[in-house]
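Take these sequences, add in the hints, and give me the full structure.
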Amino acid sequence: MSAHSTAIGVSPKRGTWGGGNEPLKASYGKLMMWFFLLSDIFTFAAFLISYLAIRVSYPAYAGPAETFVGSNEYWPIPELVFEAVPFLHGFHAPLVFVGIMTFILISSSVTMVLAVEAGHRNDRNDVVKWMLWTMLGGITFLGCQAWEWSHFIHGTDSGSVLTYIDSLSREVTETVFGANLVVNEYGPPAFAQLFFFITGFHGFHVTIGVVLLFLAFYQAAVGVYDRRGHYEMIEKIGLYWHFVDLVWVFVFTLFYLI
9 MSAHSTAIGV SPKRGTWGGG NEPLKASYGK LMMWFFLLSD IFTFAAFLIS
59 YLAIRVSYPA YAGPAETFVG SNEYWPIPEL VFEAVPFLHG FHAPLVFVGI
109 MTFILISSSV TMVLAVEAGH RNDRNDVVKW MLWTMLGGIT FLGCQAWEWS
159 HFIHGTDSGS VLTYIDSLSR EVTETVFGAN LVVNEYGPPA FAQLFFFITG
209 FHGFHVTIGV VLLFLAFYQA AVGVYDRRGH YEMIEKIGLY WHFVDLVWVF
259 VFTLFYLI
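Residues 9 to 266, numbered by the numbering used here, are exactly what the sequence shown covers, in order.
Honestly, the hints are just simulated from the structure, not real lab data.
Be a bit skeptical, because a hint or two may be false.
Below, computed lysine to aspartate or glutamate pairings styled on DMTMM-like, alpha-carbon distance capped at 25 Å [stated by the list, open to error]:
| no. | residue 1 | residue 2 |
| --- | --- | --- |
| 1 | 38 | 48 |
| 2 | 38 | 131 |
| 3 | 38 | 179 |
| 4 | 244 | 131 |
| 5 | 137 | 234 |
| 6 | 38 | 234 |
| 7 | 137 | 240 |
| 8 | 137 | 125 |
| 9 | 38 | 125 |
| 10 | 38 | 240 |
| 11 | 244 | 234 |
| 12 | 38 | 165 |
| 13 | 244 | 48 |
Pairwise CB distance ranges, derived in the manner of DEER restraints [what the hints assert, rightly or not]:
| no. | residue 1 | residue 2 | range |
| --- | --- | --- | --- |
| 14 | 166 | 46 | 40 to 50 Å |
| 15 | 144 | 190 | 15 to 25 Å |
| 16 | 121 | 44 | 19 to 29 Å |
| 17 | 165 | 240 | 28 to 38 Å |
| 18 | 36 | 169 | 53 to 63 Å |
| 19 | 107 | 208 | 13 to 23 Å |
| 20 | 161 | 70 | 22 to 32 Å |
| 21 | 232 | 185 | 49 to 59 Å |
For glycine and all other residues, C-beta sits at the position ideal for the given N, C-alpha and C.
As structure tokens, then:
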């Protein structure tokens, strides 16, 4: 290998980085996105590990599923908590709605891949089309999550009779409807606290992603990337969006299935 190649950072050993400004042909922007995602991985991992630690500290409900009622003594059964479907009041479909949410988000990852591929071809029309579909998928997911939160907060028609300590340190026994950070009809307070915090933190990431998608969609539509001569920004936002989708797979598995 020539001295010139070594000078610009290409190692004599093929496939390794010799110290240049684009290791493994990754630009500065891509590297910074990977560094950010790595830090976010640690954050989500800490939250999910905390969830598991709290989850295993409570016993599981031992009775038959049809007799399940919320209690502070055991962890609720997720499929019996998340069983409602919009516009079908009284219809019980365990995890069907959250399954639809998951399908929508994963599908948006597919359209994001297609947008990145179109960017590699410098095809503005296809980039705009697939970015629009990805953005709509993200917005739809957020709308579904808002409905799920609303249903979780308002609760069921029957509620659950729970004994808990109120804000005045008094022991109270009453019928509780829905969930908040202090008490919820589904089970221990930690269940609702973790639900709001973990899914809310993920929803915040999706919201930021939708904003980034819109900005990239607009810039692609008005020809900003054509004037730059490349669509690297689409690829960087794609990395973020795939990360958000991947995190949801872990949230769905740990929170809804275990």
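For this structure, which hints from the list above don't hold up? 3, 12, 15 and 17
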